[in-house]
Amino acid sequence: MILNIKYFGLLAEITKCNEENVEFSNSSVSELLSLLFNKYPDLRDKDFQVAQNNEIVSKGTIVSETEIALLPPFSGG
Amino acid sequence: MNRYSRHIILSEVGQEGQAKLLKAKVLVVGAGGLGCPALQYLTASGIGTIGIIDFDIVEESNLQRQVLFGTSTLGKNKAIASKTRLEDLNSTITINAYPEKLTSKNALDLFKKYDIIIDGTDNFTTRYLINDVAILTNKPVVYAAIYKFEGQVSVFNYQNGPSYRCLFPNPPKEGSVANCSEVGVLGVLTGIIGSMQANEVIKIILGFRDVLSGKLFCYNAKTSQTTTLKINRNDSEFKKVLKQKNNLKALHEDISCETLIQEITAEDTLEKKQVMFIDVRESYEQPELNIPKCFNIPLSQLVDNLNQINSKHTNIFVCQSGIRSKKAVRIAQEHGITNCYSLKGGISELIQLFKIKI
Numbered sequence: 001m002i003l004n005i006k007y008f009g010l011l012a013e014i015t016k017c018n019e020e021n022v023e024f025s026n027s028s029v030s031e032l033l034s035l036l037f038n039k040y041p042d043l044r045d046k047d048f049q050v051a052q053n054n055e056i057v058s059k060g061t062i063v064s065e066t067e068i069a070l071l072p073p074f075s076g077g
Numbered sequence: 078m079n080r081y082s083r084h085i086i087l088s089e090v091g092q093e094g095q096a097k098l099l100k101a102k103v104l105v106v107g108a109g110g111l112g113c114p115a116l117q118y119l120t121a122s123g124i125g126t127i128g129i130i131d132f133d134i135v136e137e138s139n140l141q142r143q144v145l146f147g148t149s150t151l152g153k154n155k156a157i158a159s160k161t162r163l164e165d166l167n168s169t170i171t172i173n174a175y176p177e178k179l180t181s182k183n184a185l186d187l188f189k190k191y192d193i194i195i196d197g198t199d200n201f202t203t204r205y206l207i208n209d210v211a212i213l214t215n216k217p218v219v220y221a222a223i224y225k226f227e228g229q230v231s232v233f234n235y236q237n238g239p240s241y242r243c244l245f246p247n248p249p250k251e252g253s254v255a256n257c258s259e260v261g262v263l264g265v266l267t268g269i270i271g272s273m274q275a276n277e278v279i280k281i282i283l284g285f286r287d288v289l290s291g292k293l294f295c296y297n298a299k300t301s302q303t304t305t306l307k308i309n310r311n312d313s314e315f316k317k318v319l320k321q322k323n324n325l326k327a328l329h330e331d332i333s334c335e336t337l338i339q340e341i342t343a344e345d346t347l348e349k350k351q352v353m354f355i356d357v358r359e360s361y362e363q364p365e366l367n368i369p370k371c372f373n374i375p376l377s378q379l380v381d382n383l384n385q386i387n388s389k390h391t392n393i394f395v396c397q398s399g400i401r402s403k404k405a406v407r408i409a410q411e412h413g414i415t416n417c418y419s420l421k422g423g424i425s426e427l428i429q430l431f432k433i434k435i
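Residue numbers (my numbering), protein chains in the order written: chain W, 1 to 77; chain G, 78 to 435.
Check each hint, because a few of them may be wrong.
Claimed, not checked - The list that follows gives simulated cross-link-like pairs (lysine to aspartate or glutamate, DMTMM-like), each with its CA atoms no further than 20 Å apart: (1) G/250 with W/67; (2) G/250 with W/55; (3) G/307 with W/67; (4) G/292 with W/42; (5) G/307 with W/47; (6) G/250 with W/45.
These aren't lab readings, by the way, just hints derived from the structure by calculation.
Start from the sequences and build out the full structure, keeping to the hints where you can.
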């Protein structure tokens, strides 16, 4: 399926886009991350959470929705 | 009550709602980019008791977004400077200034005195401390954080909702996430996001239903895009904190910079070899320090001029009162410069010493 992936903060600087469509045929969030790490090696050592259909999910979750977001922690205040 | 008439005519607020605001006690941790606008609206709204904790001092580079300060408050402590400004805005409420750092030692007692905590800090150490102490004292936290053009807002630990650790269980690796002073931030973004924090506080006090609990609101000022992500409560994150109830320090290895910074009295500098005094006051500050073995690097330019400092010397940082010089020591140490001290009591001590000894 085609996923729409949104990148926040520093992650959007690594991917050089705020969002993109990615073709994905495997099952879990961690498999999706492996695919993204291959595409963007600098993502690998960043801390972030993954949301599916606007809900934060664990890495073992099965990707069943097309809306994905990668959210890093922000420290600024 | 004429001051609050525009609140009172709102049927959702009324006399009753305004009375609730006047009875409420809110603690703002960090009077920076987020804290300033939040404080401004909370004060104007008539929150009865407001606490402000911040150890930092006002620098020129803060004025682009920290709207409670001005040129007349440069060099002053932020908690105290905000209190002065806010008392002019609304003298009918109580404002408590705590010119100190929030630590695992003072946080418990401080949080107990307030109903709601605002997280307006700029570092993960304090964010996790706020989260954990709020769990231990059962206080809701109105959280926000920013990065360049983007902001996040949420309400944690509210009516069995999730906490910050349910979103990000552990602090990221040291130095992996930059803060505003390193990467910059759009000034007006802090105004928008800090004002949203004030709004959430007011919603909680007035008992509105749709508080941002269990939701993370994300805003991008460059694209005007907003996204709201759902966060679920993870009970094990609460248990982890509650288990450490009697040993908060263990959970927060207090690498409080204050303890690592060595202070030195003017008298004791005479005992040191190869002493070099570094005056970190801004160029307009008086009196000039006219002593041998002394040079000036304003604190605002310190990071760019660290190559002038030699670790072989005994480097003694000096400022007006001994607060900024501590900050200078911290910056120097963070950049690998050793043999640094902060002069206790500031410039007047040094002038007195040299008058006597020279």
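*Can the restraint linking residue 250 of chain G and residue 45 of chain W be considered satisfied, given a maximum Cα separation of 20 Å?*
Distance of about 9 Å is within 20 Å: holds.
*asked:* Does residue 55 of chain W sit within 20 Å of residue 250 of chain G, going by the straight-line distance between their CA atoms?
replied: violated, 24 Å
*Is the hinted pair residue 292 of chain G and residue 42 of chain W satisfied, with a Cα-Cα distance of at most 20 Å?*
At roughly 28 Å apart (the allowed maximum being 20 Å), residue 42 of chain W and residue 292 of chain G break the hint.
*Is residue 307 of chain G within 20 Å of residue 67 of chain W, Cα to Cα?*
Holds, because 13 Å separates the two Cα atoms, which is no more than 20 Å.
*Regarding the pair residue 307 of chain G and residue 47 of chain W, is the alpha-carbon distance no greater than 20 Å?*
Distance of about 18 Å is within 20 Å: holds.
*Is residue 250 of chain G close enough to residue 67 of chain W, meaning Cα to Cα at most 20 Å?*
violated, 28 Å
Checked against the numbered hints above, the structure breaks hints 1, 2 and 4 and satisfies the rest.
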